[in-house]
Each structure stands twice: as C-alpha cells, then as structure tokens.
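*Asks:* Keeping their order, the protein sequence lines are chains A and B. So the first sequence is numbered by this note's numbering: it starts at 1 and just counts up by one. So the second sequence is numbered by this note's numbering: it starts at 470 and just counts up by one.
Rather than coming from a laboratory, the hints here were simulated on the basis of the structure. The reader is advised that the hints may include incorrect statements.
According to the in silico footprint, chain A covers these stretches of chain B (three or more CB under 8 Å from chain A) [unchecked claim]:
| hint | stretch |
| --- | --- |
| 1 | 490–499 |
| 2 | 504–513 |
| 3 | 516–528 |
This one's a predicted model, so the numbers in the text were calculated from it and none came from an experiment. By construction, the Cβ of each residue, glycine as well, lies at the ideal position given by its N, Cα and C atoms.
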Amino acid sequence: MTDLVHEVEDVEESAGSEYERRRVPEQALRGPAAFWGMYAGEHTAGTEFMIGPLFVAWGADAASLIFGLLIGNLLAVLTWRYLTTVIACSERLTLYYKLERIAGPWLVKLYNLANGLLFCFLAGAMITVSATAVGQFFPPGTVTMPTFESTMPTGPAWIISCVAIGAVMTLVAMLGYGVVARVGHYAAPWMFLIFLACGLVTLGRLGSYDLWSLLTPTVEPAAGKKISFLGVVCFSWFCNAAMHLGMSDLSVLRFARKPAAGWAPAAGMFLGHYVAWICAALLLIYWVREHGVDPAQGKDPGTMVNDAVGWAGLLCVVIAGWTTANPTMYRAGLAFQGMIPAMPRKAATLLAGAVCIAAGIFPAFAMNLLSFVGLYGTVLAPVGAIIIVDHFLADAVGIPRDPAAKSGGNFNWIVLVSWLVPVAVALWLYMEKDVFASYLPLPAAIACGLLYLVLSKVAGGTPQPAGAP
Amino acid sequence: MNHDPASAETSGLKAVARFLGLAALAGTIVPPALTMTGLLADGPMQTIMLASAVAWFVAAPFWMDID
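Go ahead and model the full structure; you've got the sequences and the hints to work with.
*Replies:* In structure tokens form, the structure reads like this:
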C-alpha cells in the first residue's frame, strides 16, 4: 500500500493534465497496483447505496442478483481488459485526442457537451444521496426525505441541504481534486467494510443467513418497473459502458505498462458492484419485510444506513458521495473547458458545479439511476465503437485510420451520422417503446461501428474532406 | 541494518499507524458480525464503528502515505 496513493494520484492527475496531445512516453508508464487501487475506490460510491435498493424495488430475484450480477460484472471486466486496455496500450492517447484524430475538433466539442452534461447529472445523483445522509443529523421531520417515486424537491430544507453539500463539493473541485482523490483512496477499504457491515447487521435482523430466500421478492414490483435476469446482466455490464465500451478510460489506462492492467476494474466490479450492491439491497429488503415499506416507494439511503450501523454509516454515505462526485464534477469542468478553451478551469468547474447542484435538488436523477446509467452508456458508448473500428478493422477493410488527422478536417460528417442515428433510434425505443435503457448501449454501439465502417467505405475509403477550417 | 534516526522514527510511526489502521478495520467489521450473531447490541456496535471510523482516518494517511 506504501506507494499506492502516490501512484494513483499520479495516474489520475497525469490523465487530466499531461501528454494530452501525444503518446504517453515509456518513462511515464505505471505498474498494475495503481490501477487496482483506483478502480476499487472509484466503484464503491454513494450511488451504490441507491442501486442495490432500486433492484429490490424493480423486483430483481435471487438468481438475477447472485448470478446475473456475477455474469454482467465479468463481461464488464472482459470488455475493459480485451477492448479498452488493448487499444489504450497500443495507441497511448486520450479518448479526446484519439477522437479528434478520427472526427475532427468540432465533433470533440459536441462529445464534450454530451459528456459534461451527463457527468453533471451523475454527480447530481451523488449530491441527492449525500443529502439523505446529512438530513439524518437534523431533528426528525426537518428534512423531508424523497422516495423512489419522488421527482421534485421535497421542500425548502431539502433544497438548502443539496445546495450546501453541492457548494462545498464544487469549491473543493475548483481547487483541484488531488486532496479528494487522496481521501477517496484512504476511505476505500473502510467504505467497503461499511457496506459489508450493513449486510451483516441486516442478516442478523432478518434472522436468516439464507441469502437466496432473502433475495427472493415477496411483493410484485410496480407496473412497468420490473427487471429481468438479462436486465440485471446488461445493467451491470453497461452501467460503466461510457468508460469501457465508450473508451473514456483510454485517458487513464494509456498509462498502463501492460494490458494485464485491464484486469484491475475487477476490484471495483466485484467489491463495489457485486458485494456492495447486494448488501445495499438487503437494507431495503429488511425495511420491506420488517417495517412494511412499499418497495416501489423505497426508503432513502440515509435513513436505512443510519438505522443499520449509525453515524459511521452516515459518514460513509457522505464520503462515498463526496469522493466520487468531486472527480466527476472536475471532469465535467474539464469537458466544458474543452468546449470553450478560453474559459478558466475554475470557472468551468463552477459552471459544472451549478448544473450538478440543480440536478441534485431534483431526486428524479438519483431515483431513476437504473435508467439513467443505461442512457448514459447509450449516448457515449457508440463513440467507442468508432474507435474500435478505427483501431482493429480500418486497415483490413481499406478505410483510413485517423481520417480527420490525415485530411486536416475539423468535422467528419461520417462520424456524426454514425453516432447520432443509432443514438436517436435507441432514445426513441426507450421513450416510446419502454425498452429498458441498459439493453440499448450494445446495439447502439454495434450499429454505430457498422455505420461508420459502411459509410467510410462508401465514401471511397479515402480521408473525408475537411470541414471549414 | 538501518541506523538513520529519522528512518527509524518513520518506520516506528508507520508500525503504529498500521496497528491502529488494522484495529480500526477490525472495529468496523467485527462488531457488526457480533451483532449479527446476537452477541453485541446495536448501541455499542454503532459506537465502536464510529470510533473505528475516526481511528481509520487518523491512521490511514500515515500508513498509506509513508514511503
């Protein structure tokens, strides 16, 4: 553990500031330890306290939670290992620079807008979760807690809580996230044990160690809110689709000395997205079975964690939310700065923080996290498919690699069409046909990759004409 | 054998921090396990876990940071 914190900070800070427009040199490469620590910390977040109970609300059964999560998380790790890390170690470029070389700088700005906004909504959900914990420190009834069905703010005290938490997070993010990254890495092993502690205490209260029986739903979920085995597999596979399939983690994994570092996300997946989700699910199962809570309404994380393990749990909810919301805000600020380079980083982070706070006040984002993360992947993962085609298939099918870099173009319309058409169809399927959002990232990405390949071939296999300089 | 006083002090501090850190992690997970089996009431379990949280955040920077 000795040098791990320094290595992790080096990797994260380097990812944000160094070698942005060139290959990472040999001397800057890192061993696997830094990546294992980073992924373990990043995927034990405040939102894990929401996702486990949301599975219960959506009627996930025991087989889905025990085997579905196992399969989905394994598929996510394999995607990181055999796609993201292979490309990262070969190209050693950030996602942004690689995309610029394929699509031109103007399209990267569009990607930054989508990425920055989605980051803000995600950080907003973390503010919401943290607010449910902070509200526990006030006399009962002071802060009205949202339910799973809440979409609007629950009252002035709720709004003040979210604004106060969000303002502190924004201020820290404006100062850079080195300190927060450090606290996050200190907190990671302790936070995981808090999740485990919640599970153990709940098992004792339920008076049974038969996990299979406990995870079997006792009431039917609300109409239209049912998640199947395949739904759980796809959710756990694609809840980080933007990072693996969408190639966002090229920015971090390009520092990996060997592709074997691509196994590191297993730490985050199997601790944070398996054990922690099941422990968090048990919390709501206890409230449903022993207190008669309607699973469709759910119970806020702060109340459940406070009841199970007390103030240590509340501290965990706040720290888990804080340490993951801050880097997310910081990255959103960088994305906005990428759109408007003249904007100072602090101003960009302040803008991102304001959007995050506005999103956090509305519980709709946190309470619809199962759908939101699927949409997040649906919008951003297709961009990764274009990079996959460029890296693995371009030479074989006779289309140019890095076409915008070769032509000097600002705007590659083939990339725009290939990205937007599948995303538009996917969003239509979600909104009009009620297709579960986590089913959409993979088909959207495959369609995007195929469209890019076919359109590039039809366009003559030559670099596309440049947009207006 | 290292006779550098600063280095000896650092390794002593690290040993203390490691002991405190491990005790804090144990204090985070053992009480809930005892509560699960009915050997410890909720109140003491929650108090020990809070004290352990404080201990962890005191120890971790020294344990995890010292080269």
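*Asks:* All hints, please: hold or fail.
*Replies:* Do the hints match the structure? See the list:
Counting residues of the stretch 490–499 of chain B whose beta-carbon sits less than 8 Å from any beta-carbon of chain A gives 4, enough to reach three: the coverage restraint holds. For the stretch 504–513 of chain B, the stated coverage by chain A is satisfied: 5 residues place a CB nearer than 8 Å to a CB of that chain, which reaches the threshold of 3. Against chain A, the stretch 516–528 of chain B contributes 7 residues with a C-beta closer than 8 Å to a partner C-beta. That satisfies the three-residue criterion, and the hint holds.
The structure agrees with every numbered hint stated previously.
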